[in-house]
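2 protein chains.
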Amino acid sequence: MPKHSSIGIFDSGVGGLTVFREIARALPHHSLIYLGDSARVPYGTKSAETVTRYSLQAAAHLIDRGIGMLVIACNTATAAALPALQASLTIPVIGVVEPGARAAVARTRGRVGVIATEGTVRSQAYTKAIRLIDPKIEVIESAAPLFVSLAEEGWANTHVAREVAEIYLEPLLDANIDTLVLGCTHYPILRGTIEQVTGDKIAIVDSAETTASFVKSAVRHKPSGTPKHQFLVTDAEERFRRIASDFLETEIEHLELVTL
Amino acid sequence: MPKHSSIGIFDSGVGGLTVFREIARALPHHSLIYLGDSARVPYGTKSAETVTRYSLQAAAHLIDRGIGMLVIACNTATAAALPALQASLTIPVIGVVEPGARAAVARTRGRVGVIATEGTVRSQAYTKAIRLIDPKIEVIESAAPLFVSLAEEGWANTHVAREVAEIYLEPLLDANIDTLVLGCTHYPILRGTIEQVTGDKIAIVDSAETTASFVKSAVRHKPSGTPKHQFLVTDAEERFRRIASDFLETEIEHLELVTL
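Protein chains in written order, with my numbering: chain Z, -19 to 240; chain X, -19 to 240.
The shape of chain Z in the complex, shown without the other chains (with noise of 0.2 Å):
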């Protein structure tokens, strides 16, 4: 990664705000470009084939920015477009499922449940990567795809979502896990609300914060200058403004409407 070049963070919309919110807290030096395909969000109901294909052309957006390193904040791209990212740019990649599956395995006694978009769980990335660690893991995926429009609402703090987190989280508490990954981006702000539900016997694994660990891991220099964080959309720059303000806790600059 050359010395002066920003770290690009792609998501399908706001979701991956979280991730970015962790990057920006663990490396506070780094510039650091956000880009969320708010055009075509969401990706968690997609083909694997039309994630890929939009994720290339992501990818291609921020590499002609003069990116030094790219991280796929989004579990659906991740698990479907990873390998096609990585076999087609020359900088690093950082996918958000490795770091969540590395931190569940060093975390688990033996059951892990992970909860994620329809996209992500029918993929079974989790699994496979958790798998590979330790192929005695027993893994539990199930969808709760309603909490990414809770947490784009605002509403993750209701008395709605600690209901529809009771009945996503029940079959997965029937199963005994011990700890719980929350597999898609957006799930960090329901976070307090899951915990409401799973209590303190169960392990939060967090994909934000743990991409950001990883990240920060990956990343060997120190730049100089003032740090600049940019975010560019695809559409719809005002829902993002205000969802985003809710995500980061501060309202953000530099918001640029781009085409793909």
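Keep in mind that the hints were calculated from the coordinates and are not lab data.
Since we're looking at a predicted model, the values are computed, not measured.
Warning: the hint list may mix true and false statements.
[Unchecked claim] Cβ pair distances, simulated, as ranges:
1. D226/Z / G134/X: 24 to 32 Å
2. G134/Z / H139/X: 17 to 25 Å
3. P151/X / R87/Z: 39 to 47 Å
4. K181/Z / K196/X: 47 to 55 Å
5. E175/Z / K108/X: 40 to 48 Å
6. G134/X / S193/Z: 36 to 44 Å
7. L153/Z / R91/X: 41 to 49 Å
8. G172/X / P207/Z: 50 to 58 Å
Glycine included, each C-beta is placed from N, C-alpha and C at the ideal position.
Assemble the complex: chain Z is given as a structure, and chain X must be docked to it using the hints.
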């Protein structure tokens, strides 16, 4: 409309199937082609420019398949793109907003509530259409985005949906509406739950039903031959098939993946 041509029905995804169902009931001898742009769903959070571009591409595809009439079975696409579609196509183009607005005016005693997606509410399409007919009517529009995910997840008749409905409808009930327009084609799936909250004092205008009546009155011929129902999607056929069987209460045949 030529005697042998079919009716095209276009939506961003699965929501327009409620319109399809009502048109199939109203015109059982007509062939229908449904196109769901599932690769780019949802439209409700996208800008008017993007929705117009996508709608023109979808219309061009259906024209190539020889439709004689186009129904825009999506409130967001109607609000954003109907004038552009009517200007660029030579066949009749019918949207869902005008039929709903007419039905609301016919039923109200003066206070109409509208629930819809963020995009439709932002456009104020219903307020404008209703006021054009009768400027004295009060119109209160309110976004109810979670209803879309609830309908698609098959959660329409759950306690969660009931609670969400109570939250979304409270400001409209407080404003003493006498008529409620379901201004998103997903919402008829939740009609039972919504009526539990509104009670029997408030008239419900279901834009799927009213659009089907409007289409029926615009069709002058009775076609010969066996009617055929075709379904086209731009992505994720299996998800479409599953939700469609829920929405239509029957399994669908002739499902085809297309690129726009």
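Kindly confirm whether 47 to 55 Å is satisfied by the beta carbon distance between K181/Z and K196/X.
Given about 60 Å between the Cβ atoms, the range is violated.
Do E175/Z and K108/X keep their Cβ atoms within the hinted range of 40 to 48 Å?
About 46 Å separates the Cβ atoms of E175/Z and K108/X, which means 40 to 48 Å holds.
Is 50 to 58 Å a correct range for the gap between the Cβ atoms of G172/X and P207/Z?
Between G172/X and P207/Z, where Cβ atoms are some 53 Å apart, the hint holds.
Verdict for G134/X, S193/Z (Cβ pair) under range 36 to 44 Å:
Since the Cβ atoms of G134/X and S193/Z sit about 38 Å apart, the hinted range of 36 to 44 Å holds.
Range agreement (Cβ of H139/X with Cβ of G134/Z, hint 17 to 25 Å):
Cβ of G134/Z to Cβ of H139/X: about 21 Å, so the range 17 to 25 Å holds.
CB of D226/Z to CB of G134/X, is that within 24 to 32 Å?
holds (28 Å)
Can you tell me whether the CB distance of P151/X to R87/Z sits inside 39 to 47 Å?
holds (44 Å)
Is it true that the C-beta distance of L153/Z to R91/X lies inside 41 to 49 Å, as the hint says?
holds (46 Å)
Hint compliance for this structure: hint 4 alone is broken.
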